[in-house]
Every structure is written in C-alpha cells, then in structure tokens.
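Chains as they are written, first to last, in the numbering used here: chain A, 42 to 155; chain B, 125 to 236.
Accuracy of the hints is not assured; some may be wrong.
What the hints assert, rightly or not - Distance ranges between label pairs, derived from CB positions:
hint, chain 1, residue 1, chain 2, residue 2, range
1, A, 99, B, 127, 19 to 27 Å
2, B, 163, A, 99, 25 to 33 Å
3, A, 155, B, 180, 41 to 49 Å
4, B, 204, A, 99, 41 to 49 Å
5, B, 207, A, 97, 40 to 48 Å
6, A, 120, B, 180, 35 to 43 Å
Claimed, not checked - Listing some non-contacts, in silico: residues in chain A with all C-beta distances to chain B over 12 Å:
hint, residue
7, 54
8, 55
9, 56
10, 96
11, 99
12, 103
13, 109
14, 118
15, 121
16, 122
17, 140
18, 154
It should be emphasised that the hints constitute simulated quantities derived from the structure, not laboratory data.
Given the structure is predicted, the values throughout are model-derived calculations rather than measurements.
From the three backbone atoms N, C-alpha and C, an ideal C-beta is built for every residue, glycine too.
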Amino acid sequence: GNSVTQMEGPVTLSEEAFLTINCTYTATGYPSLFWYVQYPGEGLQLLLKATKADDKGSNKGFEATYRKETTSFHLEKGSVQVSDSAVYFCALHLSNFGNEKLTFGTGTRLTIIP
Amino acid sequence: DARVTQTPRDKVTEMGQEVTMRCQPILGHNTVFWYRQTMMQGLELLAYFRNRAPLDDSGMPKDRFSAEMPDATLATLKIQPSEPRDSAVYFCASGLSGDTQYFGPGTRLTVL
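Looking at chain A on its own, in the form it has when it is part of the complex (with noise of 0.2 Å):
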C-alpha cells in the first residue's frame, strides 16, 4: 500500500538556523506530494507540493523537490524565524480509481527557539 515515512521530531532549532525535514514514500504509482503545516490551535493548511518527478515545490522561503529516483520529498528552508514553529505533514495522493484520499505521515513538530 502508499505510506509516507517522515522524519521523527520534535526538532529544535536556533532562529536562523537551516532546516531539513526528511520525508519519503512507498506509492503504487506515481504520486503528487505535499507539506503540509499545522500552526498551534490551527487546521493543516498547504505550505506546497509538486505533482511530477523533478518539480520543485516552494512557498514562504520553504522548498521540496520531488525525487522519484529515491522517492523523497524533503522539506528545507535556508534560514527559520521562530514564526515558522509548527507541526509539518508530508503527504502524497494517488489518484487511481477515483481515490481522493491523502496519505499522511505522522508529523514533525519544529520549534524554533530566539
């Protein structure tokens, strides 16, 4: 079946610090994948995604390039600011046969200290 495997948390990190969050996958097919982020008190809102082999996701300084060759999908972000503390999901969808699910990871809480 799909699964998405990601880095264990919670990671902390010094504000300005570089950031790599790994995630990667299992997938009968070729999936899109997404991060995904969860602020405090918040829902899971999109951060980005790529939907082919080589695309490069990015959005809010954050970037992701879809590797099918190791199917990764890892999220990095050259410099954090304490503003980016969250829980990230990486995830992927296959659509085959009409499926809408996502298939989740099970989170990385990052918190950035000052």
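Please build the complex by placing chain B on the supplied structure of chain A, with the hints as guidance.
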C-alpha cells in the same frame, strides 16, 4: 479569501450525549473529508464524500458515528452516544477532485 468553516469550535459534553459537528466547505468544492486528530493516533481519515455521495467511511466506528451531506453547503458528523475516547479535534477539509485539500479550523471535542 474562501475558507472552510466549522462549528462549534469547542464542545464539552458528557458521556452518552449526542454530538453534532458541522462543516461548510468552500463553495464549488466537490470533495469533503472528515478527519480526527489525537496525540496518540495522529491524524485519521474518518470519511469522505464526492459530489455529496459517501465514498469511504471505513475509518469511522459505524455503531456510533455517522456522516452526511444534506446539501452541497453542509456536511455533518454525528456521534451518538459519545464516549470519552472520542475526545479529539475533528477537522473538515474540502477540495476539488484530485487536488489540494483545504482544512477548516477544527472542532475540539471533550467528552467527560
């Protein structure tokens, strides 16, 4: 800026009571999802609809949970009777087929 809305935002109830959570999807979206989030289990998909028809409710305890879409602007999730283990944050999300899901702010349910 179109958003998914959910009511109530917080609900505290006693075991055995009926709970109804409501969701208004973004206008024009044809898929609606119900999720439950807990510390122990993480994010779980309970059920989802496309064009108001239920496509999958395998994640839902059938004996006490029910999900419906009376019309295109309203989705409901009912728990009857509620139990303490149902305490969680319930999220509704909507989208267009095969595309991004947009989440509501959630309903925090506490069953005493």
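Going through the hints against the structure:
1. 99/A <-> 127/B: 19 to 27 Å: 23 Å, holds
2. 163/B <-> 99/A: 25 to 33 Å: 31 Å, holds
3. 155/A <-> 180/B: 41 to 49 Å: 44 Å, holds
4. 204/B <-> 99/A: 41 to 49 Å: 45 Å, holds
5. 207/B <-> 97/A: 40 to 48 Å: 46 Å, holds
6. 120/A <-> 180/B: 35 to 43 Å: 41 Å, holds
7. 54: 23 Å, holds
8. 55: The claim holds: residue 55/A sits with its nearest Cβ about 26 Å from chain B, beyond 12 Å.
9. 56: 27 Å, holds
10. 96: 14 Å, holds
11. 99: 15 Å, holds
12. 103: 16 Å, holds
13. 109: Its Cβ never comes within 12 Å of chain B, the nearest being 19 Å, so this holds.
14. 118: With a cut-off of 12 Å, residue 118/A remains clear of chain B, as the shortest Cβ separation is near 21 Å.
15. 121: Per Cβ check, residue 121/A is outside 12 Å of chain B; nearest 23 Å; holds.
16. 122: 23 Å, holds
17. 140: For residue 140/A, whose nearest Cβ neighbour in chain B is about 9 Å away, the distance does not exceed 12 Å, so it is violated.
18. 154: At roughly 22 Å from the nearest Cβ of chain B, residue 154/A sits farther out than 12 Å, so the non-interface label holds.
Figure legend: structure checked against the earlier numbered hints; the only hint not met is number 17.
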